[in-house]
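The chain contents come next:
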Amino acid sequence: MPDAAGCWGPEPGADAGVKAAWDALAGVMDPEIPVLSIVDLGIVRAVSADAQGRLSVDLTPTYSGCPATNVIVLEAETALARAGLDAAVSVVIAPPWTTDWISDTGREKLAEVGIVPPPHSGKRSLTAPDEVIACPRCGSHDTRQISRFGSTACKALHACNACLEPFDVFKCH
Amino acid sequence: MSTDLKEALFATTLRLGDTSLVLGHRLSEWCGHAPELEEDIALTNVALDLVGHARMLLTYAGELEGKGRDEDRLAYRRDVFDYRNHLLVEQPNRDFGHTIVRQFLHDAWAVELYGRLCASTDATLAGIAAKAVKEVRYHVRHSGDWLVRLGDGTDVSHAKVADALGRLWPYTGEMFERDEAEQALVAAGIIPDPAELKAAWTARVEAVLEEATLDRPADGWMQKGGRRGEHSEHLGYLLAEMQFLPRAYPDATW
Numbered sequence: 202m203p204d205a206a207g208c209w210g211p212e213p214g215a216d217a218g219v220k221a222a223w224d225a226l227a228g229v230m231d232p233e234i235p236v237l238s239i240v241d242l243g244i245v246r247a248v249s250a251d252a253q254g255r256l257s258v259d260l261t262p263t264y265s266g267c268p269a270t271n272v273i274v275l276e277a278e279t280a281l282a283r284a285g286l287d288a289a290v291s292v293v294i295a296p297p298w299t300t301d302w303i304s305d306t307g308r309e310k311l312a313e314v315g316i317v318p319p320p321h322s323g324k325r326s327l328t329a330p331d332e333v334i335a336c337p338r339c340g341s342h343d344t345r346q347i348s349r350f351g352s353t354a355c356k357a358l359h360a361c362n363a364c365l366e367p368f369d370v371f372k373c374h
Numbered sequence: 032m033s034t035d036l037k038e039a040l041f042a043t044t045l046r047l048g049d050t051s052l053v054l055g056h057r058l059s060e061w062c063g064h065a066p067e068l069e070e071d072i073a074l075t076n077v078a079l080d081l082v083g084h085a086r087m088l089l090t091y092a093g094e095l096e097g098k099g100r101d102e103d104r105l106a107y108r109r110d111v112f113d114y115r116n117h118l119l120v121e122q123p124n125r126d127f128g129h130t131i132v133r134q135f136l137h138d139a140w141a142v143e144l145y146g147r148l149c150a151s152t153d154a155t156l157a158g159i160a161a162k163a164v165k166e167v168r169y170h171v172r173h174s175g176d177w178l179v180r181l182g183d184g185t186d187v188s189h190a191k192v193a194d195a196l197g198r199l200w201p202y203t204g205e206m207f208e209r210d211e212a213e214q215a216l217v218a219a220g221i222i223p224d225p226a227e228l229k230a231a232w233t234a235r236v237e238a239v240l241e242e243a244t245l246d247r248p249a250d251g252w253m254q255k256g257g258r259r260g261e262h263s264e265h266l267g268y269l270l271a272e273m274q275f276l277p278r279a280y281p282d283a284t285w
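Taken in sequence, the protein lines are chains P and R. Heads up: the first sequence is residues 202 to 374, going by my numbering. Heads up: the second sequence is residues 32 to 285, going by my numbering.
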């Protein structure tokens with residue numbers, strides 16, 4: 202899980218190559234929500250080095266059908282190569298990604314651009330009643346869901362009854 | 032794993048992958064045609080998830096088979112009689128209400144199936160299921176909500192979904208069919224018991240139908256054959272469109 206400051210990164214004492222890989226990956230932005238890096242999103246699951254210093258990076262997709270997955274893999278490979286690192290990127294599906302893995306800094310960045318960060322799932326099931334979503338513009342709790350599916354696989358569309366503005370909500374997943 | 036069990040697992044994984052792929056393609060046909068923008072986006076989002084599940088399942092099926100067929104080879108280079116999807120999902124979209132009924136009957140099955148497959152003794156299948164179940168939970172909520180809105184809506188919307196329910200009900204029996212090879216998979220804890228699955232599906236479907244003021248059709252003659260490659264005429268047209276490019280330009284890359 203993220204460190205005390207809410208960020209993903211290398212374990213304390215990790216070797217220089219692993220640290221450099223995390224730094225390079227932190228510069229790879231999600232193609233559909235470009236304020237978030239793939240590290241903020243929590244989709245970089247592991248970075249390790251073998252005895253020869255060759256790096257392995259595990260990425261996990263957000264949604265099974267997310268069309269951005271292939272682009273993300275390509276961009277991660279490019280960023281690692283640009284940093285002069287010898288790394289192999291693979292995609293792992295288990296354990297499945299959850300919005301709880303979005304780091305605190307990632308959640309702050311979402312809020313800054315007017316996307317409501319996902320509620321923490323905890324033990325709440327997706328079939329439980331929707332929780333109250335506050336409008337990211339005026340703060341009103343008087344909001345409604347317009348559509349369960351929004352502009353990307355990971356978002357739903359809501360609107361504020363007070364200021365009338367529509368806004369995106371990152372779905373709890 | 033014994034050879035027999037591995038073959039049975041290949042067949043089962045292929046059926047799941049084909050069912051996801053065909054339904055995903057059907058839903059993608061709504062792109063640009065749905066009754067409102069939000070639903071256009073919703074149906075195609077669900078389509079993307081289903082194609083995503085199909086990719087994972089077909090990739091795994093290809094590995095189990097061990098003949099070098101990858102997801103694309105399985106999706107694009109098989110004809111109708113080699114497809115193993117449920118007949119339900121290849122039925123045409125017709126109107127929006129018909130699409131929603133088909134989707135709900137499938138989603139209610141998928142959510143119960145994947146929920147149980149998370150505990151499969153086969154780690155890969157369990158991993159795929161754990162990923163998929165989060166998405167199909169969302170799908171069944173969407174299709175179930177729409178079914179209630181349409182069923183408990185106007186006279187016209189009620190009549191349309193009631194008609195669709197009658198048309199599609201005979202295709203639901205196939206979802207709970209199991210052959211001898213699959214019984215071995217059940218015994219090995221790889222796939223769930225079909226009787227338990229059917230009970231859970233029935234309870235879920237009946238609860239939503241009641242809220243939608245729709246009568247549950249009687250279980251009469253059930254159409255079967257999709258799982259063995261015997262399909263309705265509709266699948267050929269779907270594959271003709273889906274497979275056009277790779278068949279016209281075999282092995283094309285970009």
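Read the hints as simulated data drawn from the structure, not as lab findings. Careful: at least some of the hints might be erroneous.
Okay, the calculated beta carbon distance ranges per label pair [said to hold, decoys possible]:
(1) P:275 <-> R:209: 47 to 53 Å
(2) R:101 <-> P:305: 38 to 44 Å
(3) R:264 <-> P:208: 52 to 58 Å
(4) P:313 <-> R:185: 52 to 58 Å
(5) P:213 <-> R:259: 53 to 59 Å
(6) R:251 <-> P:341: 26 to 32 Å
(7) R:152 <-> P:309: 54 to 60 Å
(8) P:230 <-> R:37: 24 to 30 Å
(9) P:346 <-> R:184: 16 to 22 Å
(10) P:295 <-> R:185: 42 to 48 Å
(11) P:295 <-> R:104: 34 to 40 Å
(12) R:113 <-> P:342: 51 to 57 Å
Here are the simulated DSBU-like cross-link-like pairs (lysine-lysine), alpha carbons at most 35 Å apart as the crow flies [unchecked claim]:
(13) R:165 <-> R:229
(14) P:220 <-> R:165
(15) P:372 <-> P:310
(16) R:255 <-> P:310
(17) P:372 <-> R:165
(18) R:37 <-> R:255
(19) R:229 <-> R:37
(20) R:165 <-> R:255
(21) R:229 <-> P:372
Just so we're clear, the structure is a prediction, and the values are computed from it rather than from any experiment. The beta carbon of each residue, even a glycine, is placed where N, CA and C say it ideally should be.
Now for the hints, and whether the structure bears them out:
1. P:275 <-> R:209: 47 to 53 Å: violated, 42 Å
2. R:101 <-> P:305: 38 to 44 Å: holds, 39 Å
3. R:264 <-> P:208: 52 to 58 Å: holds, 56 Å
4. P:313 <-> R:185: 52 to 58 Å: Given about 44 Å between the Cβ atoms, the range is violated.
5. P:213 <-> R:259: 53 to 59 Å: Taking Cβ atoms as reference, residue 213 of chain P and residue 259 of chain R lie about 57 Å apart, which means the hint holds.
6. R:251 <-> P:341: 26 to 32 Å: violated, 53 Å
7. R:152 <-> P:309: 54 to 60 Å: Distance hint for residue 152 of chain R, residue 309 of chain P is violated at roughly 42 Å.
8. P:230 <-> R:37: 24 to 30 Å: violated, 42 Å
9. P:346 <-> R:184: 16 to 22 Å: Given range 16 to 22 Å: holds, Cβ gap about 19 Å.
10. P:295 <-> R:185: 42 to 48 Å: Taking Cβ atoms as reference, residue 295 of chain P and residue 185 of chain R lie about 45 Å apart, which means the hint holds.
11. P:295 <-> R:104: 34 to 40 Å: Since residue 295 of chain P and residue 104 of chain R have Cβ atoms about 24 Å apart, the given range 34 to 40 Å is violated.
12. R:113 <-> P:342: 51 to 57 Å: holds, 54 Å
13. R:165 <-> R:229: holds, 20 Å
14. P:220 <-> R:165: holds, 32 Å
15. P:372 <-> P:310: holds, 16 Å
16. R:255 <-> P:310: violated, 52 Å
17. P:372 <-> R:165: holds, 11 Å
18. R:37 <-> R:255: holds, 24 Å
19. R:229 <-> R:37: holds, 25 Å
20. R:165 <-> R:255: holds, 29 Å
21. R:229 <-> P:372: holds, 30 Å
In summary, the numbered hints that this structure violates are 1, 4, 6, 7, 8, 11 and 16.
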